[in-house]
Amino acid sequence: MQREGSPWQGLGVVTLKELSDHLTSWRMLVLEWLVGITAVVSVYVAIQQIREGTAEDPYLLLRLFTRGTPLPFVALLSFLVPLVSIGLGFDLVNSEHNQRTLSRVLSQPIYRDALLFGKFLAGLATISISLVALWLLLIGLGLVMLGIPPGAEEVGRAFVFLLVTIAYAGVWLALALLLSIVFRSAATAALVALGLWLFLTILWPLMMPLIANFFTPSGDVLALLDTQLILGRVSPSALFNEVVAVILDPSLRSTQQSMFAQMGLMLLERGAVPGAPIPLLQSVLVVWGQIVGLVAGTILLFVAGYVVFQRQEVRA
Amino acid sequence: MSENLIEARNLVKRYNGTAVVKGISFSVARGEIFGLLGPNGAGKTTTILMLLGLSDITEGQARVCGYDPVREPLSVKRRVGYLPDQVGFYDNLSAADNLRYTARLIGLAPHERESKIKSSLDHVGLAAVAEHRVSTFSRGMQQRLGLAEILMKEAQIAILDEPTSGLDPLATVELLEIIRNLKRHNVSVLLSSHLLDRVQSVCDRVALFSAGNIVLMGSVPDLRRQVLGGSFPVELEAQGDGIRDRLAALPGVRSVEAIGPDHFRILADRDVRAEAAAAVVTAGGRLYQITDLPSLEMIYSQYFQNQARTGERHAA
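Protein chains in written order, with the working numbering: chain A, 1 to 316; chain B, 1 to 316.
Because the hints were derived from the structure by calculation, they are not lab data.
Backbone N, C-alpha and C fix where the C-beta goes; we use that ideal spot for every residue, glycine too.
Misleading hints may appear alongside valid ones.
[As the list claims (entries may be wrong)] Examples of chain B residues lying across from chain A (beta carbon under 7 Å, computed):
id: 1; residue: LEU54
id: 2; residue: GLY166
id: 3; residue: PHE304
[As the list claims (entries may be wrong)] Derived coverage of chain A by chain B (criterion: at least 3 residues anywhere in the stretch with Cβ under 8 Å from a Cβ of chain B; other residues may be distant):
id: 4; stretch: 27 to 38
id: 5; stretch: 74 to 83
id: 6; stretch: 158 to 172
[Claimed, not checked] One side of the interface only, derived from the structure: several residues of chain A facing chain B at Cβ under 7 Å:
id: 7; residue: SER20
id: 8; residue: GLN99
id: 9; residue: ARG104
id: 10; residue: LEU106
id: 11; residue: ARG184
id: 12; residue: SER185
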């Protein structure tokens, strides 16, 4: 059956309204300050460590993201981006039910498609604006405090890192959106989303070796590692960490290089010089699967939410 | 013949195989106020949602302003204003901002937006609080804001779901007056309510729902004739000499019964309220109250008593 008109009619109006709501909300303000302050502190520590310990490094800008013991900026984002995404998404749809605005809004000449996609786009745009602002702030801070202008390769890598972080945020936002559709109670949706985040980020990596043991024959170490890898990638955080490790460190040629190094193994290509940097494009190709995984996860979760939302009754 | 803006033919709605609307048919003419009345859970809201294209029609056909709500929901929604049961607005926005959002969704040109918003708020008596947040509004004010939205939209049909539910008597009177005003502007009104007595005064015709069926349909006098056998009872409270005799002498009056001091019940062949009031005034008496009895509620319950009796007779 063919419906009249475009499913995206009203998309722009919904997106702008939601974006305005996010950007002016107290919740967003708190989340932005939380991320901003911790990020600046983390980068400040990184800069101090770079100043003290690095004599000559062609990738000083990238070190801003990866150094800063005990909590480098990358690890911080891996932890806080899901929190921000969940914070923005857990009540996107159920709040419309609870405020009893859904049936009134859907009685205007728009389809549900536009409402749902508009909400998702606005959430992602809000996070993107915050991340871009943070990214510019850190690069500016690095320039001022280190006094060395970054090269094109570094800026390119930092930009890819920014895009991947937005994709990572997209997965968690789509998950939060799905839960806000499934659960009418915003508190339940938030609790389930946070539970899943904690499970996938903290518990899953701990459980993984145990589960991998069940699926691999005993004694086959490589098969065991392989299974662990596959299982580990169920978590978006694992995918994100693998991608940023390779993108922000040009010397890495594999997502598992550090693990192999710990085992006393070295990945060598024909004619390759160990530790020599690889071009950005090559780094992207190394983690292309993980990047696609993050984007696919976002699409999959959004589609699941879309299907559930389309089948739901409008009435409260 | 007057043009029908709503045509419903054998509408059926099933949820998981259970029919909640069981083949109902009705039509609403231009400028008519039509009441869908009956207890909660009788299928009124489901019927409304089907007419708006917000819920699938399992069987049957509907045309709203000449459009099919299933295939052409956008055309239907452009011409229909909907005030849901317990209407909700965005609490963080002002009344005018809520209407601005709707105006953009409808696609109102920017130059007409502000004037239409202002005149519609003026019309429902909310112009003074246009910039106040909706969170500060009472339920009655929110209902009026919902009606302002319909006026701004210049809808041909206003569908009002339980508009008086939860309102105090004064707010109810104000709301019913606005509804009468819609009729004066040639807007058709489809009104649903479980509070039969509150809305019977504004309805030109009503359909009484029971368990997904329309059991009675017509004007209130018609229903009286159908259910109560052609008599029009009127209750009157008046002081004066010889009032009883004057009332008994009115054409069409069958009997006048004194049911208390200065309190009479008239049984007539037609509606004699105007003549009865005139008779009291002409006699130099004082008229305190005149009501047409019985109420729709009484007709409704009488109908089911009649049905039960018929059932018992068949069983015997």
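>> Just to be careful: measuring from the Cβ of GLY166/B to every Cβ in chain A, is the smallest value less than 7 Å?
In response: Hint violated; GLY166/B Cβ to chain A Cβ min 12 Å, cut 7 Å.
> Counting residues of the stretch 158 to 172 of chain A with a beta carbon closer than 8 Å to any beta carbon of chain B, are there 3 or more?
Replying inline: violated (count 0)
>> Does the closest beta carbon of chain B sit nearer than 7 Å to the beta carbon of SER20/A?
In response: For SER20/A, the interface hint is violated, since the closest Cβ of chain B sits about 10 Å away, which is over 7 Å.
>> Just to be careful: measuring from the Cβ of GLN99/A to every Cβ in chain B, is the smallest value less than 7 Å?
In response: At about 4 Å, which falls below the 7 Å cut-off, the nearest Cβ of chain B leaves the hint on GLN99/A intact, so it holds.
>> Does ARG184/A hold up as a contact with chain B if the rule is Cβ-Cβ below 7 Å?
In response: violated, 14 Å
> Under a C-beta cut-off of less than 8 Å, do 3 or more residues of the stretch 74 to 83 of chain A approach chain B closely enough to confirm the stated coverage?
Replying inline: Violated - the stretch 74 to 83 of chain A has 0 residues with a Cβ nearer than 8 Å to chain B, which falls short of three.
>> PHE304/B was flagged as interface toward chain A. Is the shortest Cβ-Cβ separation under 7 Å?
In response: violated, 26 Å
> In terms of beta carbon proximity below 8 Å, does the stretch 27 to 38 of chain A have 3 or more residues touching chain B?
Replying inline: Three-residue rule not met by the stretch 27 to 38 of chain A, so violated; n is 0.
>> Under 7 Å is the threshold here; is the Cβ of LEU106/A close enough to any Cβ of chain B for the hint to stand?
In response: Where the cut-off is 7 Å and the nearest Cβ of chain B is about 6 Å from LEU106/A, the hint holds.
>> Less than 7 Å between beta-carbons is the criterion; does LEU54/B satisfy it with respect to chain A?
In response: With Cβ-Cβ at 5 Å, under 7 Å, it holds.
> Can we keep the SER185/A interface hint, with Cβ of chain B closer than 7 Å?
Replying inline: With a closest approach of 16 Å, the SER185/A hint is violated.
> Would the hint on ARG104/A stand, with a C-beta cut-off of 7 Å toward chain B?
Replying inline: holds, 6 Å
In terms of the numbered hints stated before, the structure departs from hints 2, 3, 4, 5, 6, 7, 11 and 12, listed from lowest to highest.
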